[in-house]
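*Asks:* Construct the complete structure from the given sequences, taking the supplied hints into account.
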Amino acid sequence: MSIVVKIEEKLYQNRYIVDESRPHIQIRNDAVCKSCESQACTVCCPAACYTKNETGSVTLATDGCLECGTCRVVCQDKENIQWDYPRGGYGISYKFG
Amino acid sequence: MVEKFDAIVIGAGPSGNAAAYTLAKQGLNVLQLERGEYPGAKNVQGGIMYAAELEKIIPDFREDCPTERHIIEQRVWLLGDDNYIGTNYRSDAFNSDKPNRYTIIRANIDKWFSEKIREAGGLQICETTVTELIRDASGKVIGVRTDREGGEIHADVVIMADGVNALLARRTGFQQELAPQNVALAVKEILFIDPELIQQRFGLKDEEGVVIEIMGKVTKGMVGTAFLYTNKESLTIGIGCLISDFKEGAIPPYKMLEDLKNHPVIKPLIEGAEMKEYAAHMIPEGGYKAVPQLYGDGWMVVGDAAHFNNAAHREGSNLAMASGRMAAETVIELKQAGKPFNAANLAAYKKKLDDSFIMKDLKKYRNLPGIMHENKQFFGAYPDTLTAAAHSWFTVDSVDKRTKEKEIMKSFVKKRSIMGLVGDAIKLVRAVR
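These protein sequence lines are chains V and X, in that order.
The UniProt record's numbering numbers the first residue of the first sequence as 1 and each following residue consecutively.
The UniProt record's numbering numbers the first residue of the second sequence as 1 and each following residue consecutively.
Since the hints were derived computationally from the structure, they do not count as laboratory data.
As the structure is a computational prediction, the values presented were derived from the model and not from experiment.
There's no promise every hint is true.
Derived lysine-lysine pairs resembling DSS-like cross-links, with alpha carbons at most 30 Å apart [unchecked claim]:
1) K247(X) <-> K34(V)
2) K352(X) <-> K364(X)
3) K78(V) <-> K255(X)
4) K6(V) <-> K232(X)
5) K247(X) <-> K6(V)
6) K98(X) <-> K95(V)
7) K351(X) <-> K363(X)
8) K78(V) <-> K220(X)
9) K247(X) <-> K78(V)
10) K6(V) <-> K276(X)
*Replies:* This is the structure we're talking about:
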């Protein structure tokens with residue numbers, strides 16, 4: 001049984017207040033991602049914010065972020081993720097939670 | 001001049017609300033800061049609330065608290081590939097005037113609780129993220145800095161109820177980063193559906209509810225559990241595993257959730273429902289051994305930020321509310337006695353926790369997280385062999401029962417050896433006794 005999951009369709013149901021051009025999470029050093037064997041963030045992020053790119057590194061897009069903190073926890077050995085909450089009032093706004 | 005409060009509470013989840021309400025109710029000058037656009041905007045919970053702890057804080061909460069269904073039946077299911085073995089407990093005694101457990105929608109409860117805080121005289125400011133704790137020359141916490149302009153606010157004591165990420169305590173050096181094996185990631189969807197369908201499919205009437213706790217093949221051998229809860233007009237379905245396991249595996253959490261929704265025994269229960277929200281949240285699972293320093297000069301930490309979660313019994317928000325209340329009561333007692341909020345005096349908070357079910361329960365299960373982490377057979381081999389055994393036992397096919405018994409026993413030994421089985425039983429008993 002193989003099911004194709006479109007994460008965009010899931011995230012589309014959520015309410016976000018996007019802080020334009022002020023991402024709250026940043027990758028510190030591209031080279032560290034390139035040398036990272038597991039690139040666990042690309043599998044573990046529940047919103048698929050992290051994707052492998054053609055250069056062998058990782059691209060981060062925070063718009064769909066659920067602010068769970070998982071990426072920071074999986075990357076703590078490399079310390080390559082600068083993790084913060086969005087500014088007050090911005091980011092995911094759960095209707096039900 | 002910088003504004004000064006008796007206490008600042010950071011966060012409007014169950015623990016922060018319990019603390020802020022208890023303080024406001026006693027007439028203390030309390031400020032609660034919340035980073036979401038409204039209380040609950042950043043909060044996620046599977047969706048079960050136990051009445052006892054809320055009742056201690058707001059005795060008549062049932063009058064207007066927006067709960068969903070009171071739980072009359074608990075099912076525990078072990079899922080195989082296309083089957084399940086389960087236990088159910090259902091009792092009409094749960095249909096009392098004062099039900100013990102409810103399914104809830106987190107955001108609704110948080111908004112309601114916040115109203116109670118404002119009615120009690122607490123000041124609440126949303127859309128404000130606390131960026132750091134302000135400390136004096138001796139290191140004592142004397143207030144907070146926020147992301148608002150001129151956002152420096154002082155208080156006698158700061159109660160951190162900022163959730164599992166506990167960024168403030170980590171940045172200040174009061175806590176270490178979460179170890180991947182001590183924290184789970186859970187993903188969840190809310191599925192709206194005709195209430196009559198819920199009642200038919202789960203055998204319910206009126207406001208009765210069923211909860212199903214799920215283990216088995218759906219976590220792909222990883223340490224984790226899933227759940228399906230009935231709300232008034234919706235179902236919540238979710239699954240979570242330890243982050244250390246997600247890190248080693250190659251299955252994204254949303255794929256695991258989708259597989260759960262498509263499992264042959266789950267699918268008919270949620271058929272026809274419309275998904276309205278997808279959420280993710282970390283859950284502190286490290287138990288007693290992962291509890292950090294809980295207080296210091298001018299500060300206390302409560303709820304998920306203090307790692308208060310009983311994973312074995314799936315209790316979290318009640319530990320959160322209890323710890324919030326105990327932190328607030330400590331503040332009230334010190335205030336009344338005119339004592340300073342230094343570490344020596346705030347140790348009274350730890351004493352309250354130690355004397356309560358929170359630390360007693362966490363201590364009882366202190367070895368369980370380690371055992372689960374190191375013994376993956378509980379999540380892989382056992383669901384397989386148990387469901388296969390049941391399938392054989394309940395298939396009537398002219399094979400004599402003694403032969404079936406032998407085959408079933410053989411299948412267990414093949415997967416796990418006699419010593420392995422005995423060892424696992426001993427480990428489990430030791431972990432929960």
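*Asks:* For every hint, state whether the structure bears it out.
*Replies:* Quick rundown of the hints versus the structure:
1. K247(X) <-> K34(V): Holds, at about 17 Å.
2. K352(X) <-> K364(X): Holds, at about 17 Å.
3. K78(V) <-> K255(X): holds, 26 Å
4. K6(V) <-> K232(X): holds, 28 Å
5. K247(X) <-> K6(V): holds, 21 Å
6. K98(X) <-> K95(V): Between K98(X) and K95(V) the Cα gap is close to 28 Å, so the pair holds against 30 Å.
7. K351(X) <-> K363(X): Between K351(X) and K363(X) the Cα gap is close to 14 Å, so the pair holds against 30 Å.
8. K78(V) <-> K220(X): holds, 27 Å
9. K247(X) <-> K78(V): holds, 14 Å
10. K6(V) <-> K276(X): Between K6(V) and K276(X) the Cα gap is close to 15 Å, so the pair holds against 30 Å.
When held up to the earlier numbered hints, the structure conflicts with none and fits them all.
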